[in-house]
Amino acid sequence: MRAGRRPSPLVVGLAAGILVGAVAIGLARLPGELSDQSRTAAAARSVQRVGSIPVLSPGPRRTAFLAYVRRAVPPGESVRIVQPVTALSPLEGRRGGRPGVCGYSVSRTTYYWLVYALESRPSTCDPDARWTMYYGVRPGPLPAGAGAHRFADGYVLVRR
Amino acid sequence: MALVLLAGHGLLRLASGRRPHRAYGVVLAVGLSWFAGVAVLGALTTLVGVLGLTTRPLPVPAPALALLALAGLLPARPAGEHAAPAAGQLDEPAGHAARRRAYLVGDLGAAAAGLLVAARVAVLSAGIPVSANDEYALWMLRARSLSQLGGLDPRVFVDGAAGYQHQEYPLFVPALAGWLDSWAGRPSDPAAHVAVALTLGALLAVAGALLARLAGPAAAAAGLLLLVSVPTLLALQSLRLMADVTVFSFAFGLTLVLLLVVTEPHRRAPARPWLAVAAVLGAGAVGSKSEGLAFAAIAFAAGLLVATGRRRGVAVAGAAALAANLPWIAFSRVHHLSSWVANQDTLSAGHLRAVLPWTGHVARGMVDRWPGGSWAGALLAAAALVAAVLAVRAGHWRPVVLVALVVAATTAVLLAQYVATAYGPPSDPRAGSLLDGQLAVTVFRVALLPAALVAVGGPLFAGLALRPAAGCAGGYAALTPCQQTNMKSGRNPYRRDSAESETTVQVSGSAWDSTSTSSQSSPP
Numbered sequence: 001m002r003a004g005r006r007p008s009p010l011v012v013g014l015a016a017g018i019l020v021g022a023v024a025i026g027l028a029r030l031p032g033e034l035s036d037q038s039r040t041a042a043a044a045r046s047v048q049r050v051g052s053i054p055v056l057s058p059g060p061r062r063t064a065f066l067a068y069v070r071r072a073v074p075p076g077e078s079v080r081i082v083q084p085v086t087a088l089s090p091l092e093g094r095r096g097g098r099p100g101v102c103g104y105s106v107s108r109t110t111y112y113w114l115v116y117a118l119e120s121r122p123s124t125c126d127p128d129a130r131w132t133m134y135y136g137v138r139p140g141p142l143p144a145g146a147g148a149h150r151f152a153d154g155y156v157l158v159r160r
Numbered sequence: 001m002a003l004v005l006l007a008g009h010g011l012l013r014l015a016s017g018r019r020p021h022r023a024y025g026v027v028l029a030v031g032l033s034w035f036a037g038v039a040v041l042g043a044l045t046t047l048v049g050v051l052g053l054t055t056r057p058l059p060v061p062a063p064a065l066a067l068l069a070l071a072g073l074l075p076a077r078p079a080g081e082h083a084a085p086a087a088g089q090l091d092e093p094a095g096h097a098a099r100r101r102a103y104l105v106g107d108l109g110a111a112a113a114g115l116l117v118a119a120r121v122a123v124l125s126a127g128i129p130v131s132a133n134d135e136y137a138l139w140m141l142r143a144r145s146l147s148q149l150g151g152l153d154p155r156v157f158v159d160g161a162a163g164y165q166h167q168e169y170p171l172f173v174p175a176l177a178g179w180l181d182s183w184a185g186r187p188s189d190p191a192a193h194v195a196v197a198l199t200l201g202a203l204l205a206v207a208g209a210l211l212a213r214l215a216g217p218a219a220a221a222a223g224l225l226l227l228v229s230v231p232t233l234l235a236l237q238s239l240r241l242m243a244d245v246t247v248f249s250f251a252f253g254l255t256l257v258l259l260l261v262v263t264e265p266h267r268r269a270p271a272r273p274w275l276a277v278a279a280v281l282g283a284g285a286v287g288s289k290s291e292g293l294a295f296a297a298i299a300f301a302a303g304l305l306v307a308t309g310r311r312r313g314v315a316v317a318g319a320a321a322l323a324a325n326l327p328w329i330a331f332s333r334v335h336h337l338s339s340w341v342a343n344q345d346t347l348s349a350g351h352l353r354a355v356l357p358w359t360g361h362v363a364r365g366m367v368d369r370w371p372g373g374s375w376a377g378a379l380l381a382a383a384a385l386v387a388a389v390l391a392v393r394a395g396h397w398r399p400v401v402l403v404a405l406v407v408a409a410t411t412a413v414l415l416a417q418y419v420a421t422a423y424g425p426p427s428d429p430r431a432g433s434l435l436d437g438q439l440a441v442t443v444f445r446v447a448l449l450p451a452a453l454v455a456v457g458g459p460l461f462a463g464l465a466l467r468p469a470a471g472c473a474g475g476y477a478a479l480t481p482c483q484q485t486n487m488k489s490g491r492n493p494y495r496r497d498s499a500e501s502e503t504t505v506q507v508s509g510s511a512w513d514s515t516s517t518s519s520q521s522s523p524p
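Sequence order for the protein chains is A and B.
Sequential numbering of the first sequence, starting at 1, is according to our numbering.
Sequential numbering of the second sequence, starting at 1, is according to our numbering.
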């Protein structure tokens with residue numbers, strides 16, 4: 001076909017066929033996508049909350065501990081997070097760190113959730129941090145003058 | 001949100017030199033104003049954060065956006081703006097009146113689709129809390145840090161010791177969510193979901209209206225249907241507070257705008273309004289996610305290749321898009337926020353040699369997890385190929401080449417990214433499972449742009465093939481035979497001929513219409 005001329009019947013037929021086929025595929029796909037969207041949204045909306053924190057895989061008890069920490073630690077103050085030690089993730093980008101502390105050699109998914117759940121209370125690796133949250137780990141001997149709130153076994157908030 | 005929209009409107013007016021509804025039509029003006037507003041808010045928030053100022057609305061971002069909004073609403077013409085023509089001034093051929101009606105149909109359909117989808121997504125998602133790993137680890141954590149800590153707190157944005165992920169990711173998406181948090185007075189997932197819904201709605205409105213201008217309302221309707229039904233876009237991604245939908249929306253819009261620039265060149269057509277939009281959308285893509293930098297760079301590079309006679313304008317638009325993101329790029333460099341994908345480890349010769357054998361595995365994995373990569377996807381790809389041949393035969397080789405380049409290059413970049421970030425050689429048992437996990441949870445998100453372009457390519461090219469090319473007896477549409485000769489000889493094919501009419505209307509309802517536009521900045 002030459003530009004500037006009317007397209008030939010063959011071109012019109014092919015183009016029309018493509019447009020009709022595209023509409024057919026779109027119409028075949030769309031109901032499934034909308035249905036999946038409704039189902040996914042309904043499931044996501046039904047998630048329980050403790051305070052403002054949704055209850056995810058850690059469960060309601062641990063989530064309640066996070067809500068407690070949020071109430072106890074003022075916004076803006078740093079929190080040192082201590083978790084059970086796991087194998088070092090191959091995705092770990094840091095060259096070194098203390099295992100179990102501030103996300104190093106721990107469950108990273110859990111660590112990131114804790115960091116988010118405590119938002120506006122940034123994570124720190126500082127051993128002298130005012131606040132330390134033990135999440136699934138029993139704290140050792142407390143420093144002199146430190147106070148601890150034991151929420152459950154292994155779930156403790158320590159304040160220096 | 002209204003202030004974001006109005007600020008975007010003001011930015012478009014200042015950048016395009018025309019009132020947006022006159023330059024682009026009402027539907028495009030609204031959709032593009034949202035994108036421009038998101039981009040200007042992101043750039044402004046990033047800038048004030050980098051300068052050490054507060055990222056909360058007051059005292060800087062909100063007044064700055066208000067000024068921008070005011071500039072868009074003022075009756076007086078800003079510097080560089082030219083009077084729009086009175087309706088009677090248009091010396092409009094009868095065929096163009098029909099085209100204008102077709103655009104109106106396309107615009108109305110696009111607006112309806114955008115509104116319906118935005119409303120549905122907002123209603124469905126507003127009650128969904130942040131719960132996916134990337135939502136909380138990457139995007140919303142940063143949003144909440146901007147709104148609650150009030151700036152680029154170094155403990156979150158700089159300190160590498162605490163293990164925050166992807167600290168080099170840009171801030172446009174967190175800036176928008178943080179902005180809404182600040183107005184809500186607390187972290188607000190519903191507001192962030194509404195912002196995602198509006199972005200998706202704006203994408204559909206803009207895409208539908210642009211497709212109608214490019215290929216007619218029938219092709220636009222088919223393209224919109226395919227776009228909205230790209231697997232996982234609505235079903236999953238529209239419900240998540242991540243940057244994938246945003247970067248896709250900006251990059252897809254950018255590609256369509258560049259398609260318009262290379263498809264509708266007119267010897268007197270003022271490229272400025274559309275290149276202004278390209279700059280805004282490019283800035284938004286770069287500022288949304290790291291992949292956006294690659295997507296925008298590829299789109300602009302492809303535009304440079306095929307936009308003969310408009311290359312300087314395309315280059316300026318690309319440079320402006322990059323310049324809007326320079327504060328964050330500088331911040332990342334100064335604080336050594338290295339990329340997880342491209343760093344001295346992943347790009348070392350030894351690592352690349354070790355992981356190169358994964359290329360075939362990654363390619364197969366991408367095909368398996370391609371959004372819409374089933375039999376229907378194969379049919380759509382085949383249809384796009386056939387339609388591309390028809391469009392090239394009709395003289396529309398530029399849009400075909402541009403789409404092909406963007407699809408091929410973005411896919412290649414994504415493939416290279418997976419290969420380069422493989423943990424080790426295939427002999428390492430951990431590397432395979434990590435790579436497969438990575439492919440499973442990310443391909444359907446990051447490959448949206450090439451997947452959607454392939455899907456929409458069929459109707460787009462088919463519509464182009466049916467479109468009579470104006471003013472040309474053969475070869476490239478809209479060029480005189482003389483200009484085609486010039487193009488072959490390397491001369492600017494868009495240079496105005498002194499005998500050409502001052503009143504030719506090329507694309508009604510867009511920046512290509514009317515006499516008024518001829519007095520604007522000349523196309524390069």
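FYI, nobody ran anything at the bench for these hints, they're computed from the structure.
All residues carry an ideal CB built from backbone N, CA and C; glycine is no exception.
The reader is advised that the hints may include incorrect statements.
To be verified - Restraint ranges, calculated between C-beta atoms of paired labels, are given here:
1. B:59 to A:51: 37 to 47 Å
2. B:385 to A:91: 33 to 43 Å
3. A:75 to B:382: 48 to 58 Å
Said to hold, decoys possible - Selected chain B positions facing chain A (in silico; Cβ < 7 Å):
4. 155
5. 158
6. 163
7. 222
8. 225
9. 234
10. 235
11. 239
12. 242
13. 312
14. 316
15. 462
| query | What are the numbers of the hints that this structure violates, sorted from low to high? | reply | Of the numbered hints given earlier, those the structure breaks are 1, 5, 12, 13 and 14, listed in rising order.
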